[in-house]
Amino acid sequence: MSGLIDAIAGLGRRVVNSIMRMGRGNIFLFHTLMSTGIIFKEFSLLVKQMYSVGVLSIQIIAVSGLTVGMVLSLQGYNTLVDFGAEQSLGQMVALSLVREMGPVLTALLFAGRAGSALTAEIGLMKVTEQLPAMEIMAVDPYRKVIAPRFYAGVISMPLLAAIFSAIGVFGGYLVGVELLGVDAGGFWSQMQSQVGLYEDIVNGVIKSIVFGIVVTWIAVFEGFDAAPTTEGVSRATTRTVVNSAFAVLGLDFILTALMFGGA
Amino acid sequence: MFSKAKLELTVGVFVVIGLAALLFLAMKVSSFSGFSDENGYEVVANFENIGGLKVRAPVMMAGVSIGEVSQISLDTETYEARVEFLLGGQYKLPVDTSAAIFTSGLLGEQYISLEPGGDDVMLKSGDHIKLSQSAMVLEQVLGQFLFSKAAGDE
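Line by line, the protein sequences are chains A and B. Here my numbering is used: position 130 in the first sequence is 130, and no number is missing along the way. Here my numbering is used: position 132 in the second sequence is 395, and no number is missing along the way.
Note that these hints are calculated values from the structure, not bench results. This structure is a prediction, so every number in the text was calculated from the model and none was measured. There could be a bad hint or two in this list.
Below 25 Å or equal to it, Euclidean Cα-Cα: the simulated SDA-like pairs (lysine to any residue) are [stated by the list, open to error]:
id : chain 1 : residue 1 : chain 2 : residue 2
1  : B       : Lys387    : B       : Thr341
2  : B       : Lys387    : B       : Glu347
3  : B       : Lys317    : A       : Lys41
4  : B       : Lys387    : B       : Leu409
5  : B       : Lys291    : A       : Leu174
6  : B       : Lys317    : A       : Leu258
7  : A       : Lys144    : B       : Gln353
8  : A       : Lys41     : A       : Gly112
9  : B       : Lys291    : A       : Ala85
Isolated chain A (complex conformation) (with noise of 0.2 Å):
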């Protein structure tokens, strides 16, 4: 009997600590939103971490983007050619590079190389003691350590999406046209006639801006949050890259239907 209590009170323990969590997280992301100044009174902050955020994650995203590219248009070629529809084939490759892959995959690639590593970077600072130690200076973590990372990823992570569907593009365009033989005019006026700059372009852009606030604020704030104890930073580092995941795909569907719905 006294097991089934216990049962019962752990699991309204979680759902309390999870509510609690997700309050935590949005005074912090108020907090952060308040040290906005930072970025402007200190410029040489946020062009740091758009270093480590951004610069360091263009490789993995160009190699992914090339891949994604060339498989799409490889797979895509094999279903258009049996209804002779293979000059279609780059407005597919653009389409789905534009309105998914691109904002969704470069959210998953940028949470697990950069968002990570913020979670471990923050964490640690805190095991190591060096926030205390900043609050104790009279100095603002969220100010110093926080607000920078945080804008930071939010102005990589469309910039980095936007990459990987140019490189997508080009490596379905190095698949379909140079290695099987769609003809190259085909391929870019389909392309232009059916993606929109409103409808398509924009709206890829607003999904990777959405995915990039919500991945960093995961991030950032796994980091803030964790106990700090090596094994705290660990799971925090985990639960980053898997919460983020979750979010993204979750808000993926929300602005899919939003965005190209129809209705």
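Keeping the supplied structure of chain A fixed, place chain B upon it in accordance with the hints.
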């Protein structure tokens, strides 16, 4: 870690590459650059049936894209489809040019194909193309085929 100048340079390059990728998406992948010829002129043609023709569909002559459809509406007097399309300024076409709606490939998109006439007078902005050929609607063609087949059997 780098010196400050080098750090700023690499981040600057990153931002430039990102913006260039965005520009590439906007100009080359989407139809933003599609057809914004300032010297372009608009020509109107009426079709009995335009099938699945859409705004921004290409206008071709001899297989070369020379313009795009800018507006589609219904002519309330003749109950025909009124299609306006924009042609590049460098293309001067005779007034007796004819227009037809074709499909690229079996399931491809529909486009307007222009066939030049022999007149010396050239089309101006706002002119009407008088000779037009409707889109081939698969159901109609199938219907005609079945009808003629049935008639032939008797």
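For each hint, the structure was consulted:
no. : hint                 : in the structure
1   : B:Lys387 to B:Thr341 : 23 Å, holds
2   : B:Lys387 to B:Glu347 : 13 Å, holds
3   : B:Lys317 to A:Lys41  : 51 Å, violated
4   : B:Lys387 to B:Leu409 : 43 Å, violated
5   : B:Lys291 to A:Leu174 : 15 Å, holds
6   : B:Lys317 to A:Leu258 : 24 Å, holds
7   : A:Lys144 to B:Gln353 : 59 Å, violated
8   : A:Lys41 to A:Gly112  : 30 Å, violated
9   : B:Lys291 to A:Ala85  : 21 Å, holds
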